[in-house]
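Chains A, B and C, in that order, give the protein sequences.
Residue 901 in my numbering is what sits at position 7 of the first sequence, and the numbering runs on without skipping anything.
Residue 1034 in my numbering is what sits at position 57 of the second sequence, and the numbering runs on without skipping anything.
Residue 333 in my numbering is what sits at position 141 of the third sequence, and the numbering runs on without skipping anything.
Honestly, I wouldn't trust all of these hints.
Unchecked claim - List time: in silico EDC-like cross-link candidates among lysine to aspartate or glutamate, alpha-carbon distance up to 20 Å:
id, chain 1, residue 1, chain 2, residue 2
1, A, 1157, A, 1130
2, C, 304, A, 1135
3, C, 304, A, 1147
4, A, 1157, A, 1147
5, B, 1193, B, 1182
6, B, 1012, A, 1046
7, C, 225, C, 431
8, A, 1078, B, 1254
9, C, 274, A, 1147
10, C, 304, A, 1232
11, A, 1157, C, 343
To be verified - According to the in silico footprint, chain A covers these stretches of chain B (three or more CB under 8 Å from chain A):
id, region
12, 1110-1116
13, 1122-1133
14, 1218-1228
15, 1245-1256
16, 1270-1277
What the hints assert, rightly or not - Now the in silico label distances, taken between C-beta atoms and shown as ranges:
id, chain 1, residue 1, chain 2, residue 2, range
17, C, 320, A, 1166, 35 to 43 Å
18, A, 1041, C, 477, 34 to 42 Å
19, A, 1149, B, 1251, 49 to 57 Å
Simulated from the structure, these hints should not be mistaken for laboratory data.
The beta carbon of each residue, even a glycine, is placed where N, CA and C say it ideally should be.
What follows is each chain in one-letter form.
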Amino acid sequence: MVRYIIRRLLQAIPLLFIISIMIFILLQSSGDPLATMGGRRTTRPEDRARLSRIMGLDQPIYLQYVYWLIGNDWVQIDVDNDGTPDTYGQRKGVLRGDFGNSLVNRGKTALELINERLPNTLVLMIPAEIIILFFSLVVGIYSALRQYSLTDQLITTGSFIGFSMPIFFVALASMYIFAVNFRKWGLPYLPTVGMFDPKVGKTFGQVATHMILPIFSMSLVSISGYSRFVRSQMLEVISQDYIRTAYAKGLSERMVLIGHALKNAAIPFVTLVGIDIPFLLGGAVITETIFGWPGMGRLFIDHLTRYDTPVVMGILMLISLAVVICQLLTDIVYGWLDPRIRYN
Amino acid sequence: METNVTKTNIPAISEVEKPPLLLSQLVFLRFKRHKMAVAGVFILILMICYAIGGTFFKTEAFSLVTDTSIRLNAPSSVHLFGTDAVGRDILARTIYGGQISLLIGLIAMILEVIVGVLIGAIAGYYGGILDSILMRFTEAMLNIPQIPLLLVLGKMLSDKISPISLFGRQFSGSVIVIIAVIGLTSWMGLARIVRANFLSLREQEFVTAARCTGTKNRSIIFEHILPNTMAPIIVSATLAVANAIISEAYVSFLGVGVMPPTATWGNMLNGAYNYIESAPWLWIFPGSLIVLTVLSINFIGDGLRDALDPRALTQAE
Amino acid sequence: MGALLEVKNLKVQFNTLEGVVQAVNGVSFIVEKGKTLGIVGESGCGKSVTVLSVMRLIAEPPGKISSGEVLFEGKDLLKIDKIHMQNIRGQEIAMVFQDPMTSLNPVLTIGKQISEAIIVHQHVSNEEAFKQTVNLLELVGIPQAEARYNDFPHQFSGGMRQRVMIAMGLSCNPSLLIADEPTTSLDVTIQAQIVELTKSLQSKFGMSVIWITHDLGVIAEIADRVIVMYAGYIVEEADVFSIFENPVHPYTLSLLKSLPRVDSRRYERLAIIPGSPPDCIHMPAGCPFMVRCGFAIERCGVENPLLEIVEDDHKAACWVDVKNGRAE
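Hey, can you work out the whole structure from these sequences and the hints?
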């Protein structure tokens, strides 16, 4: 098991390198960081040249990548271009936790900006994921056990429609129904935008009520997709011989389902969920934008539209890192659930 | 025991059997049994008629007219679907936007299939180092979340290409960018399926036979193996159209996709959430069109998957 | 000795897309206490469905027990409630399945899979269940039983897995053990071991056994009484000696001829039964075996023969007196 984890870790490292190179090349060819820094003012040519030397933009792209990765505090820079090096570089590089400074928010590092927003995203994502997992399992298993019944057919059709829905449509529709129309009809209605009402302040109740609609929109689509998967996995498992053996032993239906079927059905489900979790962060861009939620998704789109490369790059790298880590965790859980993997 | 004793009353077995059906007939029969898939075909045809037939009632120029004096007007007899934030007619824009959205779905799918099949086929057929390089690349692409990647690429490139004319219409160059970006970021799943099928098929005897007769690799890949792995490709391609339409809607919705004035169902929704209270028609019409289209394509894909399932095809009908 | 299990006129059908499959068509038999009943037939002849119906393990839908009685110690198992049936399964009637690879849950240890039945039926503590399980594993001949308690099915060989299955079946000391082709997927030498094991355990615990197989060689070794099934019907029933010495039905006859014999001459080819069993959806009007039968007469195509007493305790369903070569 330990060797298995180490092997997976060693495989993850080159993967992260490939990803970082791809993202780096992609982003370096976009926008003009100097223009972004200057804001509305036009920068003088000699300042541009000086800045680009400080930032290392005059170097070939592979060197820029090296500086981004491990920093340039070991390189001397000739800032005024007079032939003698004046100073050492200041960047520490991603490997030492330096993603660079934000070009838009002067004086803040990209990591600081991300750290400010990440908790807000997690506050939204963790409850959402719990709700998604719980309901997908319940709905999927129920539907599988009542295969071909009316309820099963309703659930199957409903989940098919649900999983074909773009998340923004669900978000807009739920906002329209539960916030706009409920207020019109004099019913208790839900807030639509932001994390809390500024007049009340950031209380637990405020944040909780503001979370309902975003979580509902995200969960509906995911639950639809996952419950279909759980249903088909359960159907596959309960048709297996060992389930018949379990019944032949005289176990009750509940014991067979929970003790025998669920563990087998959970193995592929864990894999799917483990791969998907970090992608929720990507999906958060849309949910957070619609609901004005001050999370990482909003940060991403705001800074992308202003070409703030270090922040965008940082977020992309963090998500990719999350993907790789989640895959690793998935593999470990997988090995723990499935003895056939563990002992090979 | 001899078999030729008293066979008088024995019915010939062949009488009971019906003549075998062609594969395509069988697939069609099975598809027809899938009611939702048939409904999907019907809805999709309606959508296409809407986007194409609508041009006879509203001109494209009309869909582009801005008039702030009638901005955010509710649906009325003049503007059946209302007007948007700069006073454009939403009905006309859903017609011309529909053309673009469907076009993006279709062409991005073709691009995705070409890239996915090529990479999967080459990796699966040649194997070895080529396979591991291509698969590492595929894996890396899969590990970058698609929506942020689409947004980055869309933002970087959407204003880089000048407008183009096609079918007598003027498109924003960003349409081409979005098609390319969607096509080039969604081929990985298909490539993996194709590779897996090639890996198993290349070991089979008909491939060995083709090799022995000196058939060129290219011909083996495209004429011998590829036709045997069409079923999953057809299903993936169908679903890819729906995914491309949704992806376009996502990026355009966030304002980094297809640039106005060219309308798509997606970019008509851009900023609609700011008027959620005052002008719900801004999102209800284009949003519903997207949902209907995507849903119908997904149903068709589901029906095709069942109809083309090789396990089901081997059974007698 | 009296009857432990009596099945009367059991009929089972399956509703499929293509139509209704009549899997079991009015089967009746008796299992006596301490005796072994062998059920022989080709795959798809309804032997497994018959015993699965006794256990009420037929999936409904698509399956349906359309009529009949299954009297176990006088109670009709088809009429009792779910909870009652759960108490009988595993405790009174246990079952060993054909493929020990797929019949054991791959993600649970074999110890857990055996002990859970003990805990459910005997309401004992975990420690007690552990002790009993280790005893059982030793009993069925698994070396280092205690150490292997926490192993998973894939760590055992095919024969060992089947021993685990048998241990599981014996765990609550059942009065009836149903073995559904338990040796089919095993090597010949292992087959013999499993048969010997079952016989010794049977004499030790005095249980009855239903042994299903398509292998007449195994039947000869283990069964007291034999029923031969074809297309959901019992076509012949007799004690094991009569079946081998004095077969009456043409199907039994051809089964015996297709059995290799040590004393046969080398150039003598094994007989094959031409054709395949009938489609159970469109069952022919007359005798289901007629198409493949070398003795068929005209009446066979019109009327299906019933199971009738031929002599003493020997029953068969055939219009033709095979031995004397003429119609009865």
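These are the hints, each one checked on the structure:
1. A:1157 - A:1130: holds (13 Å)
2. C:304 - A:1135: With a Cα-Cα distance of about 17 Å, the restraint between residue 304 of chain C and residue 1135 of chain A holds, given a limit of 20 Å.
3. C:304 - A:1147: At roughly 17 Å apart (the allowed maximum being 20 Å), residue 1147 of chain A and residue 304 of chain C satisfy the hint.
4. A:1157 - A:1147: holds (15 Å)
5. B:1193 - B:1182: holds (16 Å)
6. B:1012 - A:1046: holds (17 Å)
7. C:225 - C:431: Roughly 15 Å between the alpha carbons, so the hint for residue 225 of chain C and residue 431 of chain C holds.
8. A:1078 - B:1254: Status holds; Cα separation ~10 Å.
9. C:274 - A:1147: holds (10 Å)
10. C:304 - A:1232: holds (15 Å)
11. A:1157 - C:343: holds (17 Å)
12. 1110-1116: holds (count 3)
13. 1122-1133: Check passed, 10 qualifying residues.
14. 1218-1228: The restraint on the region 1218-1228 of chain B holds, since 4 of its residues have a Cβ under 8 Å from chain A and three suffice.
15. 1245-1256: Check passed, 5 qualifying residues.
16. 1270-1277: holds (count 4)
17. C:320 - A:1166: 35 to 43 Å: holds (40 Å)
18. A:1041 - C:477: 34 to 42 Å: With a Cβ separation near 36 Å, residue 1041 of chain A and residue 477 of chain C satisfy 34 to 42 Å, so the hint holds.
19. A:1149 - B:1251: 49 to 57 Å: holds (54 Å)
When the structure is compared with the earlier hints, no violation turns up for any of them.
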